[in-house]
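*Asks:* One letter stands for each residue in the lines below.
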Amino acid sequence: MKKEWPLWEVFVRSKNGLEHRHFGSLHAADAEMALENARDVYTRRNEGVSIWVVESKNITASNPEHNAELFEPAQDKVYRHPTFYDLPDEIKHM
Amino acid sequence: MSEAQIKSLEEEFEARIARDEKIEPKDWMPEKYRKTHIRQMSQHAHSEIVGMLPEGNWISRAPSLRRKVALLAKVQDEGGHGLYLYSATETLGITRDELFEQLHTGKAKYSSIFNYPALTWADIGAIGWLVDGAAIINQVALCGTSFGPYARAMVRICKEESFHQRQGYEITLKLAQGTLEQKAMAQDALNRFWWPSLMMFGPADADSPNTEQSMKWKLKRKTNDELRQQFIDQTVPQAELIGLTIPDPDLKWNEEKGCYDSGEIDWDEFWQVVKGHGPCNKERMKARVSAWENGEWVRDAALAHAEKQQEKKLNKAV
Chain A
0 MKKEWPLWEV
10 FVRSKNGLEH
20 RHFGSLHAAD
30 AEMALENARD
40 VYTRRNEGVS
50 IWVVESKNIT
60 ASNPEHNAEL
70 FEPAQDKVYR
80 HPTFYDLPDE
90 IKHM
Chain B
0 MSEAQIKSLE
10 EEFEARIARD
20 EKIEPKDWMP
30 EKYRKTHIRQ
40 MSQHAHSEIV
50 GMLPEGNWIS
60 RAPSLRRKVA
70 LLAKVQDEGG
80 HGLYLYSATE
90 TLGITRDELF
100 EQLHTGKAKY
110 SSIFNYPALT
120 WADIGAIGWL
130 VDGAAIINQV
140 ALCGTSFGPY
150 ARAMVRICKE
160 ESFHQRQGYE
170 ITLKLAQGTL
180 EQKAMAQDAL
190 NRFWWPSLMM
200 FGPADADSPN
210 TEQSMKWKLK
220 RKTNDELRQQ
230 FIDQTVPQAE
240 LIGLTIPDPD
250 LKWNEEKGCY
260 DSGEIDWDEF
270 WQVVKGHGPC
280 NKERMKARVS
290 AWENGEWVRD
300 AALAHAEKQQ
310 EKKLNKAV
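Chains as they are written, first to last, in numbering that gives the first Met the number 0: chain A, 0 to 93; chain B, 0 to 317.
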């Protein structure tokens with residue numbers, strides 16, 4: 000065997016109106032085969048109406064070790080949420 | 000990293016699991032957690048793939064079209080389940096080829112149940128009813144495991160597998176309601192598959208040194224003996240309902256405990272099969288290895304074709 004077939008990430012839209020969601024991954028020689036395999040592996044029970052495949056090596060992921068600097072700054076910004084603002088009781092919907 | 004740093008990372012890691020947080024592939028994890036997961040998840044994947052062999056043999060011999068489409072779909076599901084689990088395992092930094100290599104050289108194990116032969120059509124019933132029944136009990140317990148990719152694969156697998164058990168029970172039920180010969184065939188399959196199915200839950204708790212660690216990591220939510228008991232309590236009434244007898248003379252309802260007491264498992268047989276001396280160990284591996292080796296030229300050709308197409312596209316662009 001020369002080398003392994005590359006790894007692909009599979010995203011499936013379960014029905015129109017919903018976004019594509021990550022379903023899993025699989026190996027395939029090329030994009031066309033990745034789509035065919037994704038159909039067989041991830042949509043045997045009408046789970047989808049549309050499939051995206053992306054070669055895994057093309058995905059750039061954030062590093063969990065940097066989670067503090069990436070995500071913690073949002074934690075103390077309560078003023079980004081509607082509940083931060085005081086309204087008179089008479090206002091029922093806003 | 001200093002030992003003290005590792006220790007503090009480990010403590011934080013254990014605390015996350017205790018809080019029911021999931022661990023994702025890029026998160027820091029103790030080396031032992033990674034290794035244990037690679038071992039258990041790949042063993043699970045291998046079991047799905049090897050499990051296709053005893054049943055696949057019966058697809059062309061199914062007694063009706065209804066049975067044939069069901070069995071075909073079940074075996075296809077098992078292939079799919081193996082693929083979910085292999086790709087989940089690969090997130091831990093091992094390649095698919097390495098995983099296959101471990102299976103083919105005997106370094107990695109798969110469920111011993113598949114080293115028993117499927118001799119008659121009734122065995123296909125017993126496998127669905129008992130073997131998948133036992134597998135589902137194990138797998139439902141794993142849906143809440145701490146490693147995210149494993150838990151997600153388990154959720155999908157459990158959803159798909161309940162039909163496997165039902166179709167097996169339906170096969171057994173029909174045989175049990177059939178001619179005397181058919182009923183005897185169903186009973187014979189139950190006789191041969193009952194004890195190996197109980198062994199699927201692994202060694203008794205007292206002989207399972209990894210249980211404590213696995214419970215901590217939520218790789219096990221219940222012990223082997225607890226799951227085995229659950230299987231017995233669930234299956235005995237199903238056998239009685241269709242007039243079949245569980246082949247255990249010591250089996251009886253324990254009113255006080257609210258569960259069945261059962262006979263001792265033949266652990267010598269269990270270890271013999273685990274060590275490779277079961278009825279079909281050699282045959283299964285031979286089939287698996289030859290499928291892999293005979294498919295090599297196809298895999299290489301597909302890759303060569305893909306590369307050529309890519310080159311053509313590049314040349315056109317220039």
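Note that these hints are calculated values from the structure, not bench results.
The C-beta atom is built at its ideal place from N, Cα and C for all residues, glycine as well.
One thing to keep in mind: the hints can contain errors.
As the list claims (entries may be wrong) - Quick partial rundown of chain A residues pointing at chain B, CB under 10 Å, derived from the structure: (1) 6; (2) 23; (3) 43; (4) 60.
*Asks:* If a hint holds in the structure, say so; if it does not, say that too.
*Replies:* Here is what the structure says about each hint:
no., hint, in the structure
1, 6, "holds (7 Å)"
2, 23, "holds (6 Å)"
3, 43, "holds (7 Å)"
4, 60, "holds (7 Å)"
The structure meets every hint from the earlier list without exception.
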